[in-house]
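Student: Chains as they are written, first to last, in the UniProt record's numbering: chain A, 1 to 502; chain B, 1 to 502; chain C, 1 to 502; chain D, 1 to 502.
Careful: at least some of the hints might be erroneous.
Put simply, identical chains are the same to the list, so a pair is met inside one copy or across any two.
To be verified - List time: in silico EDC-like cross-link candidates among lysine to aspartate or glutamate, alpha-carbon distance up to 20 Å:
| id | residue 1 | residue 2 |
| --- | --- | --- |
| 1 | Lys-303 | Glu-355 |
| 2 | Lys-496 | Asp-252 |
| 3 | Lys-404 | Glu-96 |
| 4 | Lys-404 | Glu-93 |
| 5 | Lys-83 | Asp-65 |
| 6 | Lys-211 | Asp-358 |
| 7 | Lys-450 | Glu-96 |
| 8 | Lys-218 | Asp-402 |
| 9 | Lys-119 | Asp-278 |
If you are wondering where the hints come from, they were derived from the structure by calculation, not from laboratory data.
Number of protein chains: 4
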Amino acid sequence: MAHKHGHWKERIQFANAEDKQEFSKYPTKAGRRSLSRSISQSSTDSYSSAASYTDSSDDETSPRDKAQVNSHGSSDFCVKNIKQAEFGRREIEIAEQDMSALISLRKRAQGEKPLAGAKIVGCTHITAQTAVLIETLVALGAQCRWTACNIYSTQNEVAAALAETGVPVFAWKGESEDDFWWCIDRCVNTEGWQANMILDDGGDLTHWVYKKYPSVFKKVRGIVEESVTGVHRLYQLSKAGKLCVPAMNVNDSVTKQKFDNLYCCRESILDGLKRTTDIMFGGKQVVVCGYGEVGKGCCTALKALGAIVCITEIDPICALQACMDGFRVVKLSEVIRQMDVVITCTGNKNVVTREQLDRMKNGCIVCNMGHSNTEIDVASLRSPELTWERVRSQVDHIIWPDGKRVILLAEGRLLNLSCSTVPTFVLSITATTQALALIELFNAPEGRYKQDVYLLPKKMDEYVASLHLPNFDAHLTELSDEQAKYMGLNKNGPFKPNYYRY
Amino acid sequence: MAHKHGHWKERIQFANAEDKQEFSKYPTKAGRRSLSRSISQSSTDSYSSAASYTDSSDDETSPRDKAQVNSHGSSDFCVKNIKQAEFGRREIEIAEQDMSALISLRKRAQGEKPLAGAKIVGCTHITAQTAVLIETLVALGAQCRWTACNIYSTQNEVAAALAETGVPVFAWKGESEDDFWWCIDRCVNTEGWQANMILDDGGDLTHWVYKKYPSVFKKVRGIVEESVTGVHRLYQLSKAGKLCVPAMNVNDSVTKQKFDNLYCCRESILDGLKRTTDIMFGGKQVVVCGYGEVGKGCCTALKALGAIVCITEIDPICALQACMDGFRVVKLSEVIRQMDVVITCTGNKNVVTREQLDRMKNGCIVCNMGHSNTEIDVASLRSPELTWERVRSQVDHIIWPDGKRVILLAEGRLLNLSCSTVPTFVLSITATTQALALIELFNAPEGRYKQDVYLLPKKMDEYVASLHLPNFDAHLTELSDEQAKYMGLNKNGPFKPNYYRY
Amino acid sequence: MAHKHGHWKERIQFANAEDKQEFSKYPTKAGRRSLSRSISQSSTDSYSSAASYTDSSDDETSPRDKAQVNSHGSSDFCVKNIKQAEFGRREIEIAEQDMSALISLRKRAQGEKPLAGAKIVGCTHITAQTAVLIETLVALGAQCRWTACNIYSTQNEVAAALAETGVPVFAWKGESEDDFWWCIDRCVNTEGWQANMILDDGGDLTHWVYKKYPSVFKKVRGIVEESVTGVHRLYQLSKAGKLCVPAMNVNDSVTKQKFDNLYCCRESILDGLKRTTDIMFGGKQVVVCGYGEVGKGCCTALKALGAIVCITEIDPICALQACMDGFRVVKLSEVIRQMDVVITCTGNKNVVTREQLDRMKNGCIVCNMGHSNTEIDVASLRSPELTWERVRSQVDHIIWPDGKRVILLAEGRLLNLSCSTVPTFVLSITATTQALALIELFNAPEGRYKQDVYLLPKKMDEYVASLHLPNFDAHLTELSDEQAKYMGLNKNGPFKPNYYRY
Amino acid sequence: MAHKHGHWKERIQFANAEDKQEFSKYPTKAGRRSLSRSISQSSTDSYSSAASYTDSSDDETSPRDKAQVNSHGSSDFCVKNIKQAEFGRREIEIAEQDMSALISLRKRAQGEKPLAGAKIVGCTHITAQTAVLIETLVALGAQCRWTACNIYSTQNEVAAALAETGVPVFAWKGESEDDFWWCIDRCVNTEGWQANMILDDGGDLTHWVYKKYPSVFKKVRGIVEESVTGVHRLYQLSKAGKLCVPAMNVNDSVTKQKFDNLYCCRESILDGLKRTTDIMFGGKQVVVCGYGEVGKGCCTALKALGAIVCITEIDPICALQACMDGFRVVKLSEVIRQMDVVITCTGNKNVVTREQLDRMKNGCIVCNMGHSNTEIDVASLRSPELTWERVRSQVDHIIWPDGKRVILLAEGRLLNLSCSTVPTFVLSITATTQALALIELFNAPEGRYKQDVYLLPKKMDEYVASLHLPNFDAHLTELSDEQAKYMGLNKNGPFKPNYYRY
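Please construct the entire structure, taking both the sequences and the accompanying hints into account.
Tutor: Right, dumping it as structure tokens:
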């Protein structure tokens, strides 16, 4: 079984491939309430027919052992099969249709090439959506080298399409851990080219450069990091005084947070439950544990579809909000016997205990929208008196001696990562923020950013939002001079104080 | 246009399997506004892991050519593979958990065996849910022989499980048309056993008996018919004075209608769109054509998830309801350029024309929730200047010469039959109604029912509903004597006049 | 204390004026589930500043004792004060703005004067809205004489405005019962003019003509009746074979029913509760007794504003709908201790008993949206151990010996009649239906209508709806010839079968 | 524009009583987006039957000229009429029922008397709700002297009830400005008693002490300020280095903000529109200008009741939220012709201009939920060609030469202050926060608070919330030791980082 992540000498053992797959999303303490929702392997598969085509190939040769050349004669890449480029191009074109913010960024910034001179080394999921980002960076003047942040998530045909157009990509689906670090190394360590910008998702690339090529940081103008984990690592570096370049925390930008949590969960909870269980929502008794943004999104959707929802909370302020929003606030033990569905969104551990699982009624569905795989005490279910029956992918029936079945989804891992897809529109917001962060750091006058971790300037948050408004045919109102003066605002924003709660 | 219900000599060719699959659901004029939403092949597949197991077998021998015996030594059945019985049993047990109304019917009526003496020949989809119905009928005292109403919809392992317990089942997935009628014939034409009740879905069984064994009707106490098509045929027979036994129209019972249309569409529109396109609903501009029950269900769900919905209507009363419910009422041509999604729910034809398809914006999704495949003028899209690209199962991109893509779902056929599943709970309501209709007809004193088509008595509608209330832990209030007297009602119902609009 | 209604010799005793005021709305058995929601005295007051102006006059002279002449020299009327005509005209003009359906009816039908020759005697509430109706009838060619159906509800200045333009009106606010019948008599019994149409609201006018001037019916082409009570009387007459002219039941037309119940209650429950108690809805635990149209309207609104709503039902079908709509279905006794608000919408009696009132928590609000004043057992609260404290108009605190207070609204009478207003738009629908019913009956070819009670033809229901669509800027779609043929419909409707449930 | 806060020598003239009434709520720049929503005169009236009783008295003698003594023999107060104490007591008791948080605070803190030794001088609206606060402070050990922050808002009978129990109150409804400052002076400047805490609403009391008795600040441990205006003044003092004691900004506490804006507006927009116009919401086209918390609250309620809502925004982030929440984002000029209702919630000026008013359709309703009276350019309507017609209290018809009427509510002032009421529950949250702020400042160890403006510690925010949960019968979950450790949280909170967006 493949193992990724961690330095060779500090290897970590993973129980199985699925845990592995979520590795880079283990939220740490610092980020526990703002979970990153990246695209996962399973979701990728489900919306890529080409992927299944390419995966069915019987080609077992390691890409590292193949000699491949693109149509321009370059061999500075390593992908599964360069011949899949055409399929990948189609995927990219489809993604472009929902990522018009990046396309318009290309157009707006094209004249000035704000990334002319930028040499970006990137380590992200390699999907059609990332390809749109990478090609946008190129269009803005950057040179890019790219590798995957996850050994399973690469869309091979997309990697091929990028390689075909001349972006040195080193990634394929199903890398070994050795492959993983080899790919990163091939991105960074190349003759005659030295990165001056880093775009990272998870912090592995940054970690590698720190360990192996610290001198690279002399030229690097900044790091842009997207994940909770990576951001946490950066804050730790900063705290330890070891961060030697400015870094931009993209994960916590307002638009990303709201979309990744409230709105995205509003949509994905229904999808995740339907795809796995074909449940009818009307009249179902549901308890949602936790009424943060994730919980709010879940509750809104479920209530709207006719479920009868109650919530549990530890925080009286969130509890008061739940009351005002029309949800009963209960203790889990008070209602557990009656519930048809139990959903955890707390970011905590053991929110659903074995004792509560024992008290659930027959047919109760249990799933987790919150925090990796800690919220439901799944381990407690792996005991001899209980029978596990896998009835469908991501769906287990846990059977009690008396015949009672509890339906556990995704073995307690994140439901929406495992069993639903992330809309391209959400990925577009993240990608646009990443592009703007790179532009900002690359072009910032010296001294604007120190060796610290920054949030994107508010005005750029607003710019990201404004680039996405055309998707909705939304028309912004402009302040008149008189109004701007009255409000004490610049007509172009920012429009709110930093402490504003959207 | 192809019609199925011919006999051998009027055989028809089907363009392809998918048309076939829906053929028994072509709504006729009479039923056009209350479309039957039965389980489809695709939905069956998606929730039956066992089915895919059995389908992957390479066994190409026709079941008709096999000699099979169940563990009790009987060979009075014809299924794909009797050895799959165990898998089928598990599927049935899972279905039982969501069909507690039938289970409680078994319990309540068990003592008296209200179907003792009943000999029921049935022709329905053969799925886990129908199996629960059949086994309920048996538990109530009936003898049953069963066949499939659709050549594709049989769950082979369920058929095997039924055959194993002694129910003579004649059905498998992928029958030829010849097989289809052969199976029906084997059900009806058996030595030493003559049906006295018919349970039909689509009218083919009834048709067969009329054509081949009219004398059977001398003993038949009644027909119970579930589908729009079958009911239409019965009304035509009745009108022509040819209906020679009482028939019960199960399709138009209140509970079935409300669940099949309003509530079921409320849930399935989201599911169908998500599974095919991964669309984000928030902020999407959607036009729903038609504001009947189906349209109301779609609009409710889409609005709740943040879509901006407008509707088109021909009927001023429905239009006024749409206004009061907060939807703009527009003509399609007025808004077509701005729409992200177009959904037809009218029961009419050519609601979306080629001219309107030409004016849609790039990326517009078009689908049909209403009426077979007539609502969108799909034929007009099969012209040389347009390119069709199948991007996923049930998803086509139609590409205009200028590169514009319109995303057509299920080739204009019913989205929720093709791309989502029907909750077991809805099927439970139908099955319970069928069981009660059989009991009613079988036990009715002579003279209560003439040679005509009847709706289930209101009190039985209420009984069906009451059997499903425990699923929701709902507690009915009982009238006091004084209140019943004041209202002029019997304490046990019926509670509403016949003309009441729920 | 004034007494109205009933023939002098069959006088009925009323407990007090407020009961009196609702008298004509006592639903009878036949109509008990479709309660008429007419404008009430209190609601009239609250939206008429002019009314309060005129009411404050100290003029105690009976209108019957005054000699008044309008500016055209006519004295064929009897109103409070003809000089208030100008104020009344303004009220009428304001009402016209929200009754554009009638205005457009005037325009559309003006050329042909469909009521030319009609001599209509009317007995309704006399308000600005009715005035718009009356003046529409006149514009369509009719001659009208008018009187009030309620001794309290007349807007004096509106009556004056009508009298000023030449409509013989006999009505004022605060009539004695003797006045009431005198006014009716003056309308009917006038020299040289004999009514050929009757428009009634409550049946008193019809009753009077039957009793005193039966010969009038020789010329009468039809009766149009709006109220539950009046319609009930007509059905009784019909059943008894005593109905000697066709009658049109306006009360049960689809548009009126839906607006009067579902939509109107959706709006008025919030208004009624707020105006009386200033309650904050968010988080309130509410039980709604009865999930018919009235209950559905209440529940929708309360849930939307953040209340936590559960319902009680006797009918399993409605209970199942409540479940699917996301409401817990409970017995009142199970939840009564926790509730903040109890609302009755059943049409039954003693739904809230003294025992339940005893168990309510301190501060619980109790009110009735359903049926006159029978639903809450208010009588049981008039016992010595309880203290009543009137804290505001229509708001009583009932105080238990331990200090617990229950807040009773409108003494258990209809909350929305007593404590909120009826939108002019709803009255417009009723008035338009009345006008069309008159046109239909007056112009119907002989033989179309027998001596029976009829509902408005479906096509006219649709016409009423269509006349109200411009208020919403709604644009109807028209069927193409091809589509109409396919559907088997006339392009101009009717669009639905009679049994259709909107 | 008039400003109140001058002292005698800088006296200002008020245009009329209504301007006066709102003057202490003029938001200043700093606070413009978080408008304080205090109780207003009109709202007070509407829920106090006693008030109207007492107001109808013909007693024109100035309270300053009366000699009054309470039943304990004290004359250290000045109220309208001490004999009204009993009526006031009933009002206070009713208010107590909805302010159980304060009652429970009394109970919880009673043993320790956390305000023993506190001498609080207060200047707030004097209403039943404030009386509950004052009596809570007394129960916690404080001595209080009190005056009114608004010359119109005092409930005379409540002032009397407080005076009767021994609280020196100096306030009556309808003070002159001279009275206003005289009352403040009598509170502060009293022999043998010197305040050590200040509770202010608007900053007038604080201002007075600064100007006249600066030495008082030597003993004052802190100021608690509730209003936007007062808080703004404190920040200015602080900035200017003139703040000589710690001050607590109660206005910006999380619970107050959320309730005053989102939730409170969600409820009051419907109430304000209904009470003034009896509008039916269903199908109405509404544009809401501004999608901050106030706008969000308005939009949620209106959409839920069937209105068709679009919004205008200047801020792309809020605009994106509006899109995701299902509202079209438009420019006002694009839609103004079609709208039935226009609502401003921006905090800006001239959002609705004369040009837009000219383009509105007949019957359009215009009102302001946002910012004092600047949002609608009402001044532009006071021109000779337009006719104003007052049709009801707070409702004007502006009539164009062609007869078009625009319905202007509250002359463009805040609709919910003028035309609806503030729920006691919201006032309870504010009052509880004030009490806790006083306890915190009074008991804080020296050095915890400097001469600066503070927000209430997060933990106390949570405590305020927790005190209000019993109103909803909400049950908080407690962290286990293990969970608390895992989350790095104290089991008693605070539960969120300071930057958390609820």
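Student: For each hint, tell me whether it holds in the structure or not.
Tutor: Against the structure, the hints:
no. : hint              : in the structure
1   : Lys-303 - Glu-355 : neither (27 Å within a copy, 33 Å between copies)
2   : Lys-496 - Asp-252 : both (17 Å within a copy, 15 Å between copies)
3   : Lys-404 - Glu-96  : between (48 Å within a copy, 13 Å between copies)
4   : Lys-404 - Glu-93  : between (49 Å within a copy, 12 Å between copies)
5   : Lys-83 - Asp-65   : within (16 Å within a copy, 47 Å between copies)
6   : Lys-211 - Asp-358 : neither (48 Å within a copy, 58 Å between copies)
7   : Lys-450 - Glu-96  : neither (35 Å within a copy, 55 Å between copies)
8   : Lys-218 - Asp-402 : neither (66 Å within a copy, 49 Å between copies)
9   : Lys-119 - Asp-278 : neither (48 Å within a copy, 34 Å between copies)
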